[in-house]
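Sequences listed follow chains A and B, in order. For the first sequence, my numbering assigns the number 1038 to the initial residue and increments by one for each residue that follows. For the second sequence, my numbering assigns the number 123 to the initial residue and increments by one for each residue that follows.
In short, the hints are calculated from the structure, not lab data. Treat the hints with caution; some may be incorrect.
Only pairs whose alpha carbons sit at most 25 Å apart, straight line, appear in this in silico DSS-like list of lysine-lysine [unchecked claim]:
| hint | chain 1 | residue 1 | chain 2 | residue 2 |
| --- | --- | --- | --- | --- |
| 1 | A | Lys1229 | B | Lys354 |
| 2 | B | Lys145 | A | Lys1058 |
| 3 | B | Lys146 | A | Lys1058 |
| 4 | A | Lys1306 | B | Lys381 |
| 5 | B | Lys354 | A | Lys1141 |
| 6 | B | Lys354 | A | Lys1058 |
Computed from a predicted model, the values in this text were never measured in an experiment.
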Amino acid sequence: MHGRRRQQEREPTQDELQQAKQRVDRYRALNTHVMDLKATSVFTNDALDATKRLLEQNTELHTVWNYRRTIFTSLDEWQCQDTRQEMLDGELKFLLGIITKNIKSYWMWNHRMWALSSLPRPEWQRELGLVAKLLALDARNYHGWDYRRFVVAQLKDAATDKHEVDTQEFAFTTEQINHDCANHSAWHNRSKLLPEILAQRDEDGQLEVLQTENDLILNAIYTDPDDQNAWLYYDWLLDIQKSDEDRSRLLRNKIAAIRELLELEEDSKRPLVELVSAYAELERLQSGSVSEPEKKECLETLRRLESIDPYRVGRYTDMSRTLSKQWALSA
Amino acid sequence: MTMFGTNQLLVDKHVEFIQNLDKKQDGLEYWMTEHLRVSGIYWGLVALFLLDRPQALDHEQIIAYVRGCQNADGGFGGHTHHDSHLLYTMSSVQILSMLNALDQIDGKKVTKYVLSLQQTNKQTNGQTTVCGDVWGEHDTRFAFIAMAVLSFFNTQDQLDTNGIVEYIRGAMNYDGGFGSKPGGESHAAQVYTCVAALAVAGRLDVVDRDRLSGWLAERQLLCGGMNGRPQKLEDVCYAWWVGSALDILRRRHWISAEKLVEFVVSAQDEKGGIADRPGDVADVYHTCFGIAGLSLVRYPGLNEVDPVYCMPRSVVRRLGLHKWQDKVPESWSQ
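From just these sequences and the hints, can you work out the full model?
Right, here's the structure in full:
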């Protein structure tokens, strides 16, 4: 359904038509066979095998995944811990073999979670390693990240030192970011862990953590000033500051950083938008902290942005109108 | 470069494309997508209704088929004898309401099924959410579907709406966007489901309107198409996911409608149907959401689509479901 190029069509040969028909007939026969078994509540190893053959061809048949799970839990071997362990270890291998067919399949990831949750002796650390490998292939795969968070939650549950789990996960995101500071999925995961990390520290420790965070995100911004996500993360760091004084101070730092970037490229869209929102926020925090020339500069910047980024002209005119109204009132 | 000179939607070709979907039984793809047939019909029907050609498919045949997809548990599967799931329950209810046949099913049974999927979950720190089926996957999509489906039968107050709203709030991220569940990365399709859910619940106050509108507006790329999150490729379906969310937020004007139309129109297959992007194979899913996206920006000749329910506004009004509009924060409609 996605990303398939149209190709010049020529008439298929008789041979090709025959082969296509045979493929369809084979698939339909197997599908009908499995659905018949299901309809008659057959829960045998043969039925298990039939579902496997069908799912290998079509990973999206959630009804068949449901049936497969039901067969598993109905078999005698399920009742004994050791044989259950064996069955599910085998299932995990099977899933690993087909996951690359469709790495974005909700049903396959669900089935894996079911298998892990049903295992008498799940190896959550091994799962962590596995998902790290998958993310190395596709760092933005949110199924992978969702699954990683699921595994980490299990590890945390079983851990005596839950803080340590968070610290390690936090370090994993640092690794990812150092490898590629534009990895938004890693920054996102980090944003969920940072509050936990901060909660573990005393006030001085927290300041230290936030300073490191500030340096990290500024590095990302300098690496690519157009990276919208980096600026959003930066804004969030401002949000989680403890006091308005801290926020105002950091906003002034933000403005200074933006001015540096604009010296390198004066029509850089993202820094220009961020300049206006930084001043707007400063003025909101403390009325009168933004000077008249700075306010004029903001409105002028918004006018410039209408030409620099014409698709979003509606946004810039809205911002102009809002700020003109707000600042005229407080003048 | 567009093949179409003027921005032209090939209405007749798309109608034909949709009518021919059920005839492609020689192809393996037809059989490999059987499990979502009900959704395929919904996508085709929405496109036809918006193209103002609702009679292009046989209504009675569809109604009979969809009714046959309802299981003993009250839910609907994607095809006859397939297990119930909220995804297909939603499509079924949407189809029947468009074809004015909602009264042919027992709303109490559907309500009972949906309610049975609401649970308080360890993984969501004791918050209330809704699972897609009895196997326990939870996702903000299912929270939205639960609220939307019950609204068709006016039974939505049997849900723990406050609890579910908190689950959705938990799925909000620092960028103002929403993910598939608390902890999930922001993604435009999830943004639509969460914003639409909050609209149905009358709780759009939860949204960080400015931050989210900004994030959504940035989905539009130079080619005019939208992506689902930063750094990803443009795709026609985001004309809907992004457009509908912006519409509910009353910020449709924060993107270029003209450029979006150009992109969607250029993704048409001259033989009929719309693809994810220019030059790719067309399918009914992208045909539906491409046309719905065009309807949102008032492309001429299309019927208006409701941004919450993704159905014609006329149908939504007939069912009394348009009242979500009255609960949009007043300050948003300046």
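Would you pick out the hints that fail for this structure and give their numbers low to high?
Those not satisfied come down to hint 6.
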